[in-house]
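Student: Position chain B with the ligands relative to chain A; hints supplied.
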Amino acid sequence: MNNFRIIKSTFRQSFKSMWRNRGMGLASISSISAVLIILGFVLVLIMSINALVVDVQSKFDEVEIFLKEDITEENKKLIEDFAQNEDGIKSIEYISQEKALEILKKDWGEEADLLEGVTTLPDSYKIKIIDIQNTDKIVEKINDIEGIDKIKYHKDIIDKLKVFAKYIRFGGIIVIAVLIAISVFIISNTIKLTVASRRREIGIMKYIGATNSYIKTPFVLEGVLFGIVAAIMSILIVYFGYGYLFDLINGKLSVLYSIMLVPPETILKDISIMFLVIGSGIGALGSIISMKKYLNV
Amino acid sequence: MIKLVNISKEYKSGVKALTDINLHIHKGEFVYIVGESGAGKSTLIKLLLKEEAPTSGEMYINGVNVTKVNNRRIPYIRRNLGVVFQDFRLLNNKTVYENIAFAMEILGADPKDIRRRVPVVLNRVDLSRKSSSFPEQLSGGEQQRVSIARAIVNNPPILLADEPTGNLDPDNGLEIMKILNDINARGTTVIMATHAKEIVDNLRRRVIQLKDGVIVRDQKRGGYDE
Ligand SMILES: Nc1ncnc2c1ncn2[C@@H]1O[C@H](COP(=O)(O)OP(=O)(O)OP(=O)(O)O)[C@@H](O)[C@H]1O
Ligand SMILES: [Mg+2]
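Chains A and B supply the protein sequences, listed in that same order.
The C-terminal residue of the first sequence carries number 297 in full-length UniProt numbering, and the numbering is unbroken.
The C-terminal residue of the second sequence carries number 226 in full-length UniProt numbering, and the numbering is unbroken.
If we strip away everything but chain A, and leave its shape as in the complex, we get (with noise of 0.2 angstroms):
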């Protein structure tokens, strides 16, 4: 009973001072929509190229092998028992001069007539790697056996991609480390003036007998309500926003480069969730800041 009269008395306090202050209030709840709303979006890049990076790995998990013209059979054999007893690999297919020929003829289309009397083609194996971590490891090993001519995989690029990703992740983290860093400090000063003025007050309260957990909570929840409403137009701005240049880019997008963007859709529960968190994390802390030195009365 006492505590829920206490946390009544605590709400009607913050929203009064709320009220009072609502200037430097906006600038507070703008500064932490400004770092949610710029969070939202490096999450939806990061989310967009880490899309990327799965779905070209899923395209270039293949491992060309070119055997040489004078191959033994057992050495062919030798390639085809490795690649079943071989945990890392989904599949092997031969592909002999004929079938190679047809491939490419398809590729070619129009211009296939070009392709008439090609008969260097070499025989080839096509390996399907399940983890293309392990790639170099299993092309190693083949590499061993007699006959192969030459190995072929695409490594370079999705290791050139992986380390984009991982700049993007990197960079993404600091700017947003430091645009909360930014926030926590306007929202420390939003929350000290309203300590500040009310510092005589807190005075006669510690005289009273008033516990530094009753002082300091309203001025935490006003800090948290600030977060809170910051939190709930980012969502909104981020999804309308994002869900506007999805319609607009995504189409563009997939037909040039056949690269998909993460839709608004499947975002709106994480960035919810993750912004509520934040944003109200970074007006508690904020508050907590600001009352440090007024509390040793």
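Please note that a few of the clues may not be correct.
To be verified - Computed cross-link-like contacts, DSSO-like style, restricted to lysine-lysine with a CA-CA straight-line distance of at most 30 angstroms: (1) A/192 / B/12; (2) A/8 / A/68; (3) B/94 / A/16; (4) A/106 / A/76; (5) B/46 / A/192; (6) B/112 / A/216; (7) A/128 / A/68; (8) B/94 / A/8; (9) A/216 / B/27; (10) B/68 / A/293; (11) B/197 / A/216.
Unchecked claim - Computed, partial: chain A to chain B, Cβ under 10 angstroms: (12) 27; (13) 203; (14) 208; (15) 209; (16) 213; (17) 214; (18) 215; (19) 288; (20) 291; (21) 292; (22) 293; (23) 295.
What the hints contain is simulated information worked out from the structure, not anything from laboratory work.
In this text the structure is predicted, and so the values were computed from the model without any measurement.
Think of the CB as a built atom: it goes at the ideal place given N, C-alpha and C, for glycine as much as any other residue.
Tutor: Frame of chain A, contents of chain B with the ligands only:
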């Protein structure tokens, strides 16, 4: 009720405000603390309030050693101590009633109890008529009565007053003394730092005189001067 053993207080500035204070105040006593300006009267009150910590010695309130306590416990110690200052320290944006109710709200009191108790203490300080006035609409004497009402609303066993009549004319000062005397008569221990010779000489109580931070006199029913 209150016991100080070899209490000394040296401020960070190096000022020795109190030296080797030994003091025993019993339940229900009325004690004046007198002495020249700078003698250490306010410092003594601040130590009891746990606003300042003693440099050495031991301090007991209600049999509990409060010399060194965790900051978290200080509010609970203060709930045993009503406190009245020379400058009243009321909240100007709250009415008389709200100022007093506030002291109960902070402790999470039941609204029913608050509604019952506040008029009682308002009546005790003879301010029932001013219940919905704001502090700025009151005279100094009335404001001090509000602050006394606030100090006793939670029924603390001890009332500390640092020059409660310091800002008031003699008539208003007398009024305040009547109230403090009445509070004391109902069983509350009252400790009052004061410069008011007339009051001390007329309402004779135990007098503790400080000089340069040392107790130079501790006299039952004493006067302001020796
Ligand atoms: N916060 C402080 N820091 C440093 N010195 C202080 C502090 N408070 C008081 N003093 C010094 O301690 C001594 C005692 O001060 P105190 O306020 O206790 O005197 P007092 O008896 O209450 O005087 P007055 O009658 O003028 O109120 C004085 O020399 C004063 O300057
Ligand atoms: Mg003083």
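Student: Run every hint past the structure and note whether it holds.
Tutor: Going down the list of hints, with the structure as the test:
no. : hint          : in the structure
1   : A/192 / B/12  : 27 angstroms, holds
2   : A/8 / A/68    : 83 angstroms, violated
3   : B/94 / A/16   : 14 angstroms, holds
4   : A/106 / A/76  : 27 angstroms, holds
5   : B/46 / A/192  : 27 angstroms, holds
6   : B/112 / A/216 : 26 angstroms, holds
7   : A/128 / A/68  : 21 angstroms, holds
8   : B/94 / A/8    : 18 angstroms, holds
9   : A/216 / B/27  : 35 angstroms, violated
10  : B/68 / A/293  : 22 angstroms, holds
11  : B/197 / A/216 : 42 angstroms, violated
12  : 27            : 24 angstroms, violated
13  : 203           : 8 angstroms, holds
14  : 208           : 5 angstroms, holds
15  : 209           : 4 angstroms, holds
16  : 213           : 9 angstroms, holds
17  : 214           : 6 angstroms, holds
18  : 215           : 9 angstroms, holds
19  : 288           : 16 angstroms, violated
20  : 291           : 14 angstroms, violated
21  : 292           : 13 angstroms, violated
22  : 293           : 15 angstroms, violated
23  : 295           : 9 angstroms, holds
The structure shown violates the earlier hints numbered 2, 9, 11, 12, 19, 20, 21, 22.
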